[in-house]
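Trainee: Spelled out from the first residue to the last, the chains are:
There are 2 protein chains.
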Amino acid sequence: MAEEQGIRARKGENFSEWYTQVVDKADLADTRYNVQGFIVHKTWSIKIIREIYRLFETALEKTGHEPVLFPLVIPEENLKREGEHFGFVPDVFWVTEKGVGERIEKKLALRPTSETGFYQMYSLWVRSYRDLPLKKYQSVSVYRNEPVTRPFIRGREFLWIEAHDAFETHEDALKQVHEDVENMKDVVWGELGIPISVFKRPPWDKFLGAEETFASDVLFPDGKVLQIGSTHDLAQKFSIPFNIKFVDKKEDSKFVWQTTYGPGIWRIMAALIATHGDDRGLVLPFSIAPIQIMIVPIFYSDKDKKDVMKKCRKLESALGKDYRVQVDDSDKTPGEKYHHWEMFGIPVRIEVGAKETVGNFVTVYRRDSMTKEKVADKALAKSVEKLSVEILENLKIKAQTFLESKTKSPKNRHDFLRDLNGGGIVRAAFCGREECAKEIQNETRGGKVRGTAFGKHEKALGKCVYCNHAAKETVYMAKQY
Amino acid sequence: MAEEQGIRARKGENFSEWYTQVVDKADLADTRYNVQGFIVHKTWSIKIIREIYRLFETALEKTGHEPVLFPLVIPEENLKREGEHFGFVPDVFWVTEKGVGERIEKKLALRPTSETGFYQMYSLWVRSYRDLPLKKYQSVSVYRNEPVTRPFIRGREFLWIEAHDAFETHEDALKQVHEDVENMKDVVWGELGIPISVFKRPPWDKFLGAEETFASDVLFPDGKVLQIGSTHDLAQKFSIPFNIKFVDKKEDSKFVWQTTYGPGIWRIMAALIATHGDDRGLVLPFSIAPIQIMIVPIFYSDKDKKDVMKKCRKLESALGKDYRVQVDDSDKTPGEKYHHWEMFGIPVRIEVGAKETVGNFVTVYRRDSMTKEKVADKALAKSVEKLSVEILENLKIKAQTFLESKTKSPKNRHDFLRDLNGGGIVRAAFCGREECAKEIQNETRGGKVRGTAFGKHEKALGKCVYCNHAAKETVYMAKQY
Numbered sequence: 244m245a246e247e248q249g250i251r252a253r254k255g256e257n258f259s260e261w262y263t264q265v266v267d268k269a270d271l272a273d274t275r276y277n278v279q280g281f282i283v284h285k286t287w288s289i290k291i292i293r294e295i296y297r298l299f300e301t302a303l304e305k306t307g308h309e310p311v312l313f314p315l316v317i318p319e320e321n322l323k324r325e326g327e328h329f330g331f332v333p334d335v336f337w338v339t340e341k342g343v344g345e346r347i348e349k350k351l352a353l354r355p356t357s358e359t360g361f362y363q364m365y366s367l368w369v370r371s372y373r374d375l376p377l378k379k380y381q382s383v384s385v386y387r388n389e390p391v392t393r394p395f396i397r398g399r400e401f402l403w404i405e406a407h408d409a410f411e412t413h414e415d416a417l418k419q420v421h422e423d424v425e426n427m428k429d430v431v432w433g434e435l436g437i438p439i440s441v442f443k444r445p446p447w448d449k450f451l452g453a454e455e456t457f458a459s460d461v462l463f464p465d466g467k468v469l470q471i472g473s474t475h476d477l478a479q480k481f482s483i484p485f486n487i488k489f490v491d492k493k494e495d496s497k498f499v500w501q502t503t504y505g506p507g508i509w510r511i512m513a514a515l516i517a518t519h520g521d522d523r524g525l526v527l528p529f530s531i532a533p534i535q536i537m538i539v540p541i542f543y544s545d546k547d548k549k550d551v552m553k554k555c556r557k558l559e560s561a562l563g564k565d566y567r568v569q570v571d572d573s574d575k576t577p578g579e580k581y582h583h584w585e586m587f588g589i590p591v592r593i594e595v596g597a598k599e600t601v602g603n604f605v606t607v608y609r610r611d612s613m614t615k616e617k618v619a620d621k622a623l624a625k626s627v628e629k630l631s632v633e634i635l636e637n638l639k640i641k642a643q644t645f646l647e648s649k650t651k652s653p654k655n656r657h658d659f660l661r662d663l664n665g666g667g668i669v670r671a672a673f674c675g676r677e678e679c680a681k682e683i684q685n686e687t688r689g690g691k692v693r694g695t696a697f698g699k700h701e702k703a704l705g706k707c708v709y710c711n712h713a714a715k716e717t718v719y720m721a722k723q724y
Numbered sequence: 244m245a246e247e248q249g250i251r252a253r254k255g256e257n258f259s260e261w262y263t264q265v266v267d268k269a270d271l272a273d274t275r276y277n278v279q280g281f282i283v284h285k286t287w288s289i290k291i292i293r294e295i296y297r298l299f300e301t302a303l304e305k306t307g308h309e310p311v312l313f314p315l316v317i318p319e320e321n322l323k324r325e326g327e328h329f330g331f332v333p334d335v336f337w338v339t340e341k342g343v344g345e346r347i348e349k350k351l352a353l354r355p356t357s358e359t360g361f362y363q364m365y366s367l368w369v370r371s372y373r374d375l376p377l378k379k380y381q382s383v384s385v386y387r388n389e390p391v392t393r394p395f396i397r398g399r400e401f402l403w404i405e406a407h408d409a410f411e412t413h414e415d416a417l418k419q420v421h422e423d424v425e426n427m428k429d430v431v432w433g434e435l436g437i438p439i440s441v442f443k444r445p446p447w448d449k450f451l452g453a454e455e456t457f458a459s460d461v462l463f464p465d466g467k468v469l470q471i472g473s474t475h476d477l478a479q480k481f482s483i484p485f486n487i488k489f490v491d492k493k494e495d496s497k498f499v500w501q502t503t504y505g506p507g508i509w510r511i512m513a514a515l516i517a518t519h520g521d522d523r524g525l526v527l528p529f530s531i532a533p534i535q536i537m538i539v540p541i542f543y544s545d546k547d548k549k550d551v552m553k554k555c556r557k558l559e560s561a562l563g564k565d566y567r568v569q570v571d572d573s574d575k576t577p578g579e580k581y582h583h584w585e586m587f588g589i590p591v592r593i594e595v596g597a598k599e600t601v602g603n604f605v606t607v608y609r610r611d612s613m614t615k616e617k618v619a620d621k622a623l624a625k626s627v628e629k630l631s632v633e634i635l636e637n638l639k640i641k642a643q644t645f646l647e648s649k650t651k652s653p654k655n656r657h658d659f660l661r662d663l664n665g666g667g668i669v670r671a672a673f674c675g676r677e678e679c680a681k682e683i684q685n686e687t688r689g690g691k692v693r694g695t696a697f698g699k700h701e702k703a704l705g706k707c708v709y710c711n712h713a714a715k716e717t718v719y720m721a722k723q724y
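The listed protein sequences derive, respectively, from chains A and B. Taking the working numbering, the leading residue of the first sequence gets 244, the next gets one more, and so forth. Taking the working numbering, the leading residue of the second sequence gets 244, the next gets one more, and so forth.
Everything labelled a hint here was simulated from the structure, so no lab data went into it. All residues carry an ideal CB built from backbone N, CA and C; glycine is no exception. Incorrect hints may appear among the rest.
[To be verified] Within a straight-line C-alpha distance of at most 25 Å, the following computed PhoX-like cross-link-like pairs (lysine-lysine) qualify:
| no. | chain 1 | residue 1 | chain 2 | residue 2 |
| --- | --- | --- | --- | --- |
| 1 | A | K557 | B | K305 |
| 2 | B | K350 | A | K350 |
| 3 | B | K493 | A | K575 |
| 4 | A | K268 | B | K378 |
| 5 | B | K305 | A | K554 |
| 6 | A | K554 | A | K621 |
| 7 | A | K575 | B | K305 |
[What the hints assert, rightly or not] Computed beta-carbon distance windows for the label pairs:
| no. | chain 1 | residue 1 | chain 2 | residue 2 | range |
| --- | --- | --- | --- | --- | --- |
| 8 | A | A561 | B | M552 | 36 to 42 Å |
| 9 | B | M552 | A | E677 | 52 to 58 Å |
| 10 | B | E636 | A | V391 | 54 to 60 Å |
| 11 | B | D374 | A | E701 | 55 to 61 Å |
| 12 | B | M552 | A | V632 | 31 to 37 Å |
| 13 | B | E628 | A | K349 | 51 to 57 Å |
| 14 | B | K305 | A | F645 | 36 to 42 Å |
Bound conformation, chain A alone (with noise of 0.2 Å):
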């Protein structure tokens, strides 16, 4: 069997050529399918995505969201009854034709998003205020005719979650988006260990209908910041449109306050792949591990396979209870095995040879830290479970602590420029003006405002960092995705 080929490009070099042999080589995606930003979704990346799904439903079941699935085809009349909601036009694959050459009458919009295919039907589902607050999602594939695209970062096809809610107030609808931003932070941070940045986006960067827009930023190793999810109060921007009303308690006709929230879960991807991979692949928390524990036999005779193969078993056995745990009895030699489950970020590698089965003890190996201990029989429940915490909590701190490596608060324009420049978040005292964002975007080709800090209060004082304008707020910028 040919050895196998490890990653050439170093992250902390050539981020960009990592992430593509990564994205091959961990057997994530194909991108040789022939329609143009489509890709070929491969084994492991399914199986680690509907983790991140599993990890996503669960919390917003908690929080009384229900699953839904509504129609991939939503018609071009929908799209155009919010105004700002139709600039989604360009972005739009259209149905025209059905069976041989057949017109359909009125064209059909691949969902780019699903607002104006869910809110008829909120229209009719909702009544009374015994129908609120309404809280659905769906789990799906979306659109975009995107001209770029990049495996889990942006592409013509990709996985979310819409979570799709409406409220009698427009005051639950502000509390729903601080549940949406708790949600986003207890998984990619709780349970992935991403750190994410939480925004108020400025005006001009809103989702096309929203009153507001919240979104989560991660900071790549490059420097740049790639949006993993958004939520946005709507307020009554298309319930008025799409006419969802409801009976109050006063039996008073109102219309419905909205909210909409879309975690990226391909990108989430992106930001697990980005984050915590190293130079020899990816590394992942033990939470959305496809295999958490991979035992890997190590022999050099008939009789010690027997032996080794036979403690395998009983540890895949006993710890199969609680983990998902697989032995490799593949005729690769363990060096392969060792090098193939790194690539693909295995958390605890568990090597059983002739010395551990005559010693009661094994072997364990941490992908995170690349660090080996023997351990005993007896000791390895407690360690696999101690280690399936602190794995998690390694991870954290190395990329908590690389975030804050990153993030600069320069006082002074020269100070500024180069720090947006270089790459990471920049805080900064800003005018608040579009025209300021545009020129500092141009001056720094792609330097973006983010918006303020969700949930605080950051007074600005003095002067805009950029054009010395009066200072309006305290604002974060980096280049992005």
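Add chain B to chain A, keeping to what the hints say.
Mentor: For chain B alone, coordinates are given in the frame of chain A:
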């Protein structure tokens, strides 16, 4: 709160109307979406469907299948590459535009089935016998321009699994066909208690592009059958045009042998509703019930409420370790709750009132038999465990008895026509001629040859029961959905 309305139609009298009402009242689908033939999947159906997916995915992965996800869109040129398969074109929805009226050069089909998407990649993925067998599946929606639609039975967008396997030899492929049939039986009969009849389809009823088609039919209460899944021996009919070659152990280059298997998740959902449901609504077996046990508190005073709720929560947390359990603590009356959860098919209801609290017992209601019994608190865990098995057994017996009562073996033309017209499955000697099959179909307004029994060798003696030519085989016929 307005009392929920029950199903007015009787399953035994007007199955079609009964089915429509269950779909509506058990929160399964909303057919009012403004694109003809596309439905909104509501919460309860999505929750059941994901359990059905879980059963199939677990079973498929146990036999070496791995999940992938291929693009929704397939270029027209792919569909054309295998001549017979191109016959799918009249069923296809086409994406032809993007953005504001921009024409897409090569139009894209919404996948009606994904052979021609998968196999161009298989030609890149398969190099050597070491890459075989290659067994991949995806869980997705597919799109077909059906003229007439019915929720879960026939739709323009429907949910299924498609598994695409490649092998070194035709023998391996034929073994896979048997494994697929076992998979279908294990899940649909074994876990869901729905009897299936597996047939080798006649040559004129094969999948477009297949060498042989083997399909599973379920008999519906109205005497018509629904195909719920099929597996196909593709031989080398796709591997040659798609150039999927491997180098064997002798270093010879050969085309792979392929199978494709499609469990129709939607139709299995339809079969589940139709087979087990009754005049109160759905009846779900334990395996896929989103809630397996519903605990209903009954109290008429605040003092009772406290004790009753305490016991309910205690039961919820004890049973919750092994089952999907919920306490209905809503404001509805106990009667309304019973009615509601019977409609939704929850297999077991536990009633807890003041009597139960004082007496250290509970009242256990079985949805399948609509019977109640008192169970001592101490015996409850054992009792529920027993019920989880007994309910399935009871559903199986009922369904199998119905199928047998509706399967006839007429010996002459008169009885044959009477039986086929009367609904159900008719087993008869047949000449094997497509022409005769067509005449039967015309005369009976839809009676079709479903094929020969899979895996049995049923000789036919004498004459064709319809045309009196020499009999070639024993076939099964029925009217179909």
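Trainee: Each hint needs a verdict: does it hold in this structure or not?
Mentor: Structure-based check of each hint:
{"no.": "1", "hint": "K557/A <-> K305/B", "in the structure": "holds (19 Å)"}
{"no.": "2", "hint": "K350/B <-> K350/A", "in the structure": "holds (15 Å)"}
{"no.": "3", "hint": "K493/B <-> K575/A", "in the structure": "holds (21 Å)"}
{"no.": "4", "hint": "K268/A <-> K378/B", "in the structure": "holds (19 Å)"}
{"no.": "5", "hint": "K305/B <-> K554/A", "in the structure": "holds (22 Å)"}
{"no.": "6", "hint": "K554/A <-> K621/A", "in the structure": "holds (13 Å)"}
{"no.": "7", "hint": "K575/A <-> K305/B", "in the structure": "holds (22 Å)"}
{"no.": "8", "hint": "A561/A <-> M552/B: 36 to 42 Å", "in the structure": "holds (39 Å)"}
{"no.": "9", "hint": "M552/B <-> E677/A: 52 to 58 Å", "in the structure": "holds (56 Å)"}
{"no.": "10", "hint": "E636/B <-> V391/A: 54 to 60 Å", "in the structure": "holds (58 Å)"}
{"no.": "11", "hint": "D374/B <-> E701/A: 55 to 61 Å", "in the structure": "holds (56 Å)"}
{"no.": "12", "hint": "M552/B <-> V632/A: 31 to 37 Å", "in the structure": "holds (35 Å)"}
{"no.": "13", "hint": "E628/B <-> K349/A: 51 to 57 Å", "in the structure": "holds (54 Å)"}
{"no.": "14", "hint": "K305/B <-> F645/A: 36 to 42 Å", "in the structure": "holds (41 Å)"}
This entry satisfies every hint, going by the numbered hints stated previously.
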